[in-house]
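From first to last, the protein sequence lines stand for chains A and B. Residue 275 is where the first sequence ends in this note's numbering, and the numbering goes up by one at each step. Residue 1266 is where the second sequence ends in this note's numbering, and the numbering goes up by one at each step.
Calculated from the structure, these hints are not laboratory results. Careful: at least some of the hints might be erroneous.
Within a straight-line C-alpha distance of at most 27 Å, the following computed DSSO-like cross-link-like pairs (lysine-lysine) qualify [said to hold, decoys possible]:
#1 B:Lys-1222 x A:Lys-202
#2 B:Lys-1098 x A:Lys-202
#3 A:Lys-43 x B:Lys-1046
#4 A:Lys-202 x B:Lys-1258
#5 B:Lys-1203 x A:Lys-43
#6 B:Lys-1246 x A:Lys-202
#7 A:Lys-177 x A:Lys-202
#8 B:Lys-1041 x A:Lys-43
#9 B:Lys-1187 x A:Lys-211
#10 A:Lys-211 x B:Lys-1222
#11 A:Lys-202 x B:Lys-1217
#12 B:Lys-1203 x B:Lys-1187
#13 B:Lys-1217 x A:Lys-207
#14 A:Lys-207 x B:Lys-1246
#15 A:Lys-207 x B:Lys-1222
#16 A:Lys-202 x B:Lys-1193
#17 A:Lys-177 x B:Lys-1090
#18 B:Lys-1203 x A:Lys-177
#19 A:Lys-54 x A:Lys-177
#20 B:Lys-1222 x A:Lys-43
#21 A:Lys-112 x A:Lys-54
#22 A:Lys-202 x B:Lys-1041
#23 B:Lys-1246 x A:Lys-43
Which chain B residues stay away from chain A? Per the calculated CB distances, all over 12 Å, these [unchecked claim]:
#24 Lys-1042
#25 Leu-1145
#26 Thr-1152
#27 Leu-1169
#28 Lys-1173
#29 Gln-1204
It should be emphasised that the depicted structure is a prediction, and the values quoted were computed from it without experimental measurement. We put the CB at the ideal spot given by N, CA and C, even for glycine.
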Amino acid sequence: MRINFNYSGHLCSRQRTSVTMTYQDLQVTKNDGVVHIQLTREKSLNALRNLTLKEIADVLHHAEKNRDEKCVVISGSESVFAAGADIGEMQQLSPVSSLQNIRAEYWKVIRKFPKPLLASVNGYALGAGCELMMHCDIVLVGNNALIGQPEINLGIIPGAGGTQLLIRTIGKAMAMKMILSGEPINAERALESGLAIELCPKEITLKRTLKLANEIAKKSPLALRLAKEAVLHAFESPLEQGLEHERRAFSILTASTDREEGINAFIEKRPPNYI
Amino acid sequence: MPTREHNNTILLDISDGLAILTLNRPDRLNSFTAEMFKDLKKALNKITPEQGVRCLIITGSGRAFCAGQDLNQRAETKTSTPDLSASLEKNYNPIIRKITELEIPVLCAVNGVAAGAGSSIALACDIVFAARSASFIQAFCKIGLIPDAGGTWLLPHKLGRARALGLSLLGDKLPAQKAEEWGLIWKCVDDNKLLEEVVAIGKQLATQPTKGLSLIKRAIDKSFTNSLSEQLDLERDLQGIAGETKDFQEGVAAFLNKRNPTFNGN
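Looking at chain B on its own, in the form it has when it is part of the complex:
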């Protein structure tokens, strides 16, 4: 049953196991305000197995993906300096944790500029596609701040120290094509094909063995802190869990009977 929920700043469409979440403040380049955080959290809490969601796409409306924090809201506080730590603790960090802990594949369709925390949100997704005209910018250094919402972790993990520091200290725009060449994202796509291609992949992923996919995600994510020996233990455990899923049985049966499998996600 397709559901459609349109708060002011976030659009959420769920249909056939695929959820599409759109950041929707196009006149402000989809930059974050307090209201938008509230809407986003509400929307992300709807992405549950009970809702039958088996894949999520995050994208932005208009010409930008997300310009990070709306600095107008920051400037409004004239009497005292804004508490950025509190803002990260309360708003950004829970969202990044939520996205990375979702037990389904999360795709990102970066339709335009992804700046600051906007870049971090995109890079926290599992598979990132970007329009050819899109770009990634770590603008923090130009206003005396540091990359946040995971920026200082995501960049070096994907790019290595040299490129992470180059991008973060210079604040240069990294075009989508180069982001793909550097391995920051999965794929750069022509602008007019972006959403079509990502939705097609999302629809496909929503029919796949969701539990197995979530275990792959968990294993890969753990590898950054595990030793090889610990990772071998983890693979042993997670493969044991995967081996008990109905989807695994279905996959094997379909292979042996030379037919297409029908996975139910667990």
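Just chain A, with the same shape it has in the complex:
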């Protein structure tokens, strides 16, 4: 692992530090509380081999513990997000090795990551790429995005949450169509169906995503964490329980110093400074 420290001058009269770390399958840049994970195996269309998932899980594991890392963005290149799993690795799987596959652990780290996770998606987001995208809390797509679960074409089915996450986001009819036919959808459909929150010209998808991440990174970390948890709780519980969960989280936050800071800053008409 190579670490470059790159001091990129002053911003808002405060020293800003940008750190870039290069992994084998990723490049990770940390800037002002935003961790940007860029998949860098473009020659293999960023196919999510075990090593890639492991490296993503490592970065998230670290970001979870590090107070300075507020928000994470995952992106590919301008032309491809991630075009699936590694077919070679998949070919080796037997029922037993599949059940014991270490990939499930990596996916769990991604799924349980408690801080905001954003995806910047240009080009192919297929199979595991689509699943990685859906593990993110907010998705922005470029005009060249092509999103799908084509596993059925190989005689298999999505294996990292595709069948469960799609239906919870876009409903039964469209999820079934995508999973049973294997046909991908384009950026417009992704936006209409609620998979993505914004459709950008491909050249600036990443810039837009980082900008949103920067905004989010300025919020109270504790509030972000409880908010994300409460929203995701909706998938796991009946409404009454979900409302109860929200009320408790809300009540807990009344005791936080960030809440005091937030309200004071609002009254004093200044930007808040959360810890």
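Dock chain B against chain A, hints included.
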């Protein structure tokens, strides 16, 4: 490095950033066959930035530009009716999408008659020139079909409902001169000057800020479905991208230093 690739039915010449693609079945008025689709797709896939292509000209060899589908191939299927939907889905539609999505200017030199899908292919190009003797025909109505390969979209967008329906329901020949007067095409040129003039413009466009030109194309195309407010947002975004190109810097520097700019396309 000039490259030249001659499949049987499609000629592709690339030189100095300009690609010239010629439909080449002159004895059959350059009408489409399965083989020609294969060759055309192969040729269009070569039109990439990696190949250094910064402008494309599409033209036809012989006396016609393109007479659309070769009906002989359609008649060959005697046992069942041909699946026209499948033919559009597999062949024509991808080609029209490909032409309109190319991130370079696409010129068309309509050297003779452009009928049916041949007319659609010409009109899908960004700037259309036609020889004075050329004409556009929507012949579909005479055999019980509808204009396809984008015909029912391209005609009303360029001409309005009245003229689009007049042409499509009557199937009359629209001469190049009138096509220019109606705004269907950019310019009508004397037959013997057509290729010379289009190639000169193509060569010129191949030296221009290609990325910027492609953004212009994207913005104009989006305007048909965007509201003014959405279009303002799009212009904001695309201008932001254009403003970060090296060619923009070069353009400004050349202007300030009163010299000719040298654009590299991005």
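How the hints compare with the structure:
| no. | hint | in the structure |
| --- | --- | --- |
| 1 | B:Lys-1222 x A:Lys-202 | holds, 14 Å |
| 2 | B:Lys-1098 x A:Lys-202 | holds, 17 Å |
| 3 | A:Lys-43 x B:Lys-1046 | holds, 19 Å |
| 4 | A:Lys-202 x B:Lys-1258 | violated, 34 Å |
| 5 | B:Lys-1203 x A:Lys-43 | violated, 33 Å |
| 6 | B:Lys-1246 x A:Lys-202 | holds, 18 Å |
| 7 | A:Lys-177 x A:Lys-202 | holds, 26 Å |
| 8 | B:Lys-1041 x A:Lys-43 | holds, 23 Å |
| 9 | B:Lys-1187 x A:Lys-211 | violated, 45 Å |
| 10 | A:Lys-211 x B:Lys-1222 | holds, 25 Å |
| 11 | A:Lys-202 x B:Lys-1217 | holds, 15 Å |
| 12 | B:Lys-1203 x B:Lys-1187 | holds, 17 Å |
| 13 | B:Lys-1217 x A:Lys-207 | holds, 22 Å |
| 14 | A:Lys-207 x B:Lys-1246 | holds, 18 Å |
| 15 | A:Lys-207 x B:Lys-1222 | holds, 21 Å |
| 16 | A:Lys-202 x B:Lys-1193 | violated, 40 Å |
| 17 | A:Lys-177 x B:Lys-1090 | holds, 20 Å |
| 18 | B:Lys-1203 x A:Lys-177 | violated, 47 Å |
| 19 | A:Lys-54 x A:Lys-177 | violated, 31 Å |
| 20 | B:Lys-1222 x A:Lys-43 | violated, 31 Å |
| 21 | A:Lys-112 x A:Lys-54 | holds, 15 Å |
| 22 | A:Lys-202 x B:Lys-1041 | holds, 24 Å |
| 23 | B:Lys-1246 x A:Lys-43 | holds, 26 Å |
| 24 | Lys-1042 | holds, 21 Å |
| 25 | Leu-1145 | holds, 27 Å |
| 26 | Thr-1152 | holds, 21 Å |
| 27 | Leu-1169 | holds, 32 Å |
| 28 | Lys-1173 | holds, 37 Å |
| 29 | Gln-1204 | holds, 25 Å |
Of the numbered hints listed earlier, those contradicted by the structure are 4, 5, 9, 16, 18, 19 and 20.
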